[in-house]
Amino acid sequence: MATIITKEQQEKEKMVTLVSSDSEKFVVEQKVAEKSHVIKMVMNCCGIESPIPVRRVKGDILKSILEYCEKHSKGEAQEVMEKWDKEYMDKAEKDLVFFHDLMLASHFLHIQELVDLIAVTFAGMLKMKSPEEIRQKFNINNDLTKEQEEHIMTTFGWAFQPI
Amino acid sequence: MERPWKRQNLSLNLDEFERHTEKITVDRISKLPDALLLQILSFLQMQDVMRVCCVSTRWKHLWKSVPSIDFTEAKIRTTGEFIRAVNKALSNRGGLQIREFRACVDSDLCQINNVDYWITVVVSHNVEVLYLDCIPNRPFGKNKDKLCLIPQSMYQCQYLHTLTLKFCQMDLPSIFCLATLRKLHLELVEFTDEDLEVLLSNCPALKYLTLKNCNKDTHLRVFAKNSHLENLNIHEDDWNLETDLLVSAPNLLTLNFSGMPKRERFFVENLKSLVSVNFDFSSTYCHVWDPEDHFLFGQFIENFCHVKSLKLSNWCTQDLSVRAILNNGTSVSNTINEVTLVTRFNKCELAGLVYVLKNFINLGVLILNVVKDVETEMNFLSLVCSNSSGLLRYMAFWAV
Chain A
1 MATIITKEQQ EKEKMVTLVS SDSEKFVVEQ KVAEKSHVIK MVMNCCGIES
51 PIPVRRVKGD ILKSILEYCE KHSKGEAQEV MEKWDKEYMD KAEKDLVFFH
101 DLMLASHFLH IQELVDLIAV TFAGMLKMKS PEEIRQKFNI NNDLTKEQEE
151 HIMTTFGWAF QPI
Chain B
1 MERPWKRQNL SLNLDEFERH TEKITVDRIS KLPDALLLQI LSFLQMQDVM
51 RVCCVSTRWK HLWKSVPSID FTEAKIRTTG EFIRAVNKAL SNRGGLQIRE
101 FRACVDSDLC QINNVDYWIT VVVSHNVEVL YLDCIPNRPF GKNKDKLCLI
151 PQSMYQCQYL HTLTLKFCQM DLPSIFCLAT LRKLHLELVE FTDEDLEVLL
201 SNCPALKYLT LKNCNKDTHL RVFAKNSHLE NLNIHEDDWN LETDLLVSAP
251 NLLTLNFSGM PKRERFFVEN LKSLVSVNFD FSSTYCHVWD PEDHFLFGQF
301 IENFCHVKSL KLSNWCTQDL SVRAILNNGT SVSNTINEVT LVTRFNKCEL
351 AGLVYVLKNF INLGVLILNV VKDVETEMNF LSLVCSNSSG LLRYMAFWAV
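Residue numbers (our numbering), protein chains in the order written: chain A, 1 to 163; chain B, 1 to 400.
Hints may contain errors.
[As the list claims (entries may be wrong)] Ranges between beta-carbon positions, derived for each pair: (1) A:Lys58 / B:Lys225: 38 to 44 Å; (2) B:Gln158 / A:Met128: 31 to 37 Å; (3) A:Glu76 / B:Gln152: 44 to 50 Å; (4) A:Gln148 / B:Asn87: 18 to 24 Å; (5) B:Gln152 / A:Glu132: 43 to 49 Å; (6) B:Thr180 / A:Met128: 29 to 35 Å; (7) A:Glu70 / B:Pro33: 24 to 30 Å; (8) A:Lys40 / B:Phe176: 38 to 44 Å; (9) B:Gln158 / A:Trp84: 35 to 41 Å; (10) B:Lys207 / A:Met128: 33 to 39 Å; (11) B:Thr180 / A:Cys46: 33 to 39 Å; (12) A:Met128 / B:Asn226: 42 to 48 Å; (13) B:His219 / A:His151: 52 to 58 Å; (14) B:Gln158 / A:Gln148: 36 to 42 Å.
Just so you know, these hints were derived from the structure itself, not from any lab. For clarity, every value in this text was computed on a predicted model and none was experimentally measured. Even glycine gets a Cβ: it sits at the ideal position worked out from N, Cα and C.
Please model the complete structure; the sequences and the hints are all you need to start from.
Structure (structure tokens):
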């Protein structure tokens, strides 16, 4: 009986609880949480016994981030990971707002790999598009004056030639 | 007790609702901090960066701080316009780092002074990744004296991590050290044996070296005695004739050959750390099966008996066949544990397969990359069953 308890304790010791801004709790392995540089530092100085609040990140975002961290802590073959990353990012096209939040959160938690992955995905969306197409896609309000716009167009005319 | 739970649930739904409405009306990307926007822009070519920076005042000034400047796919009609565009992108940087600089320069028009200036500027901004492609649009060889000369300032760069030079001339200074350089890719670069040796010994952190179509008219000798070079790729296309290829690198772990084995002689020496060797000679050039050619190469392969992993393209598998027939079963002792063969299972290759199974006594893994002639599968399987002794795993990739 006693041995069973210590075993359970040992297993529990490796787990850490993260609490999102809307009080959702996530229990994950320590090595998964360590993917975030910030959480790793918190764990190093405060231990993993008590739940760690992640106040700036909402539950659904944190869930998505932890999904990424879990997959990337397994050390699978590179091709498998690339395929998984692509599927993970396929959602970005559909819900841009979610992925802006995801990028902010992964930047805040200091998960550089994920920030890079999201940045590459966004860059892909901006590629080979005219300014007007970009404004439409991201709902950007054009607050440049006519003169400013013309100034840019003439200074960097080469970049605005038909694609 | 139930109410708080309900409220929480409601707020969550409201959140989702907001998000859906926001998707249509609110611009969120512009609210990201500069650091993240610059990170997104650093994955774009310069013309895309310019177009993005034209969308609103929030984005207008960002191009001045983009850490990576990439002109490799810029479609600019005139040389003058190209020079102005690059100069503009490199000016007004202040103290901001230029982490990456990539450009394709048309060396036909001899913009050497401009290239000098650009490299000096990016080096003074602590560039880490430098890519310079000077391959002219017209066929090579007509204008050899117009190779782009790399300025001396590049050799003073203290942060350079990855360097790619195509169709350039390297005039090494007497004293220099590229202390942080890890990856070097040289294409259509000509140098003397001493130059290459000096270059390698002055790059103490260099791990990856790629030489593509270098020294096409002269011997290519890679002496890396004083360096920690671990990975060497040599790719050569079908020119060149009566010259030698020599590799000598005591710390080398991986050696890859690709393209065409058209050099007269191949030598290797002092490869005591080598673990994996890959002969990816393309068969598309080798329509004629010339046994004499193969026999020379067969002797060369004998130098790699001490490695763990060997990869052979089907041209090389044919070579093993020639060996098998000429040697008539006498084996060379080897430590090769993993063999990858590209095969079409045609009659020129089967003897080579048998040779591998019979003579590679330490063989643990055999990976077959089957290109064609799938109907001979059954023949092959019976071949494996009757000839293999210690084979643990058999894998076959049936390519279309």
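Evaluated hints:
1. A:Lys58 / B:Lys225: 38 to 44 Å: 58 Å, violated
2. B:Gln158 / A:Met128: 31 to 37 Å: 36 Å, holds
3. A:Glu76 / B:Gln152: 44 to 50 Å: The hinted range 44 to 50 Å holds for A:Glu76 and B:Gln152, with Cβ atoms some 46 Å apart.
4. A:Gln148 / B:Asn87: 18 to 24 Å: 22 Å, holds
5. B:Gln152 / A:Glu132: 43 to 49 Å: 46 Å, holds
6. B:Thr180 / A:Met128: 29 to 35 Å: 34 Å, holds
7. A:Glu70 / B:Pro33: 24 to 30 Å: Given range 24 to 30 Å: holds, Cβ gap about 27 Å.
8. A:Lys40 / B:Phe176: 38 to 44 Å: The hint (38 to 44 Å, Cβ to Cβ) holds, given that A:Lys40 and B:Phe176 are roughly 40 Å apart.
9. B:Gln158 / A:Trp84: 35 to 41 Å: Because 38 Å falls inside the window, the suggested range holds.
10. B:Lys207 / A:Met128: 33 to 39 Å: For A:Met128 against B:Lys207, whose Cβ atoms are near 35 Å apart, the range 33 to 39 Å holds.
11. B:Thr180 / A:Cys46: 33 to 39 Å: 36 Å Cβ-Cβ, so the 33 to 39 Å window holds.
12. A:Met128 / B:Asn226: 42 to 48 Å: 46 Å, holds
13. B:His219 / A:His151: 52 to 58 Å: 56 Å, holds
14. B:Gln158 / A:Gln148: 36 to 42 Å: Between B:Gln158 and A:Gln148, where Cβ atoms are some 39 Å apart, the hint holds.
Figure legend: structure checked against the earlier numbered hints; the only hint not met is number 1.
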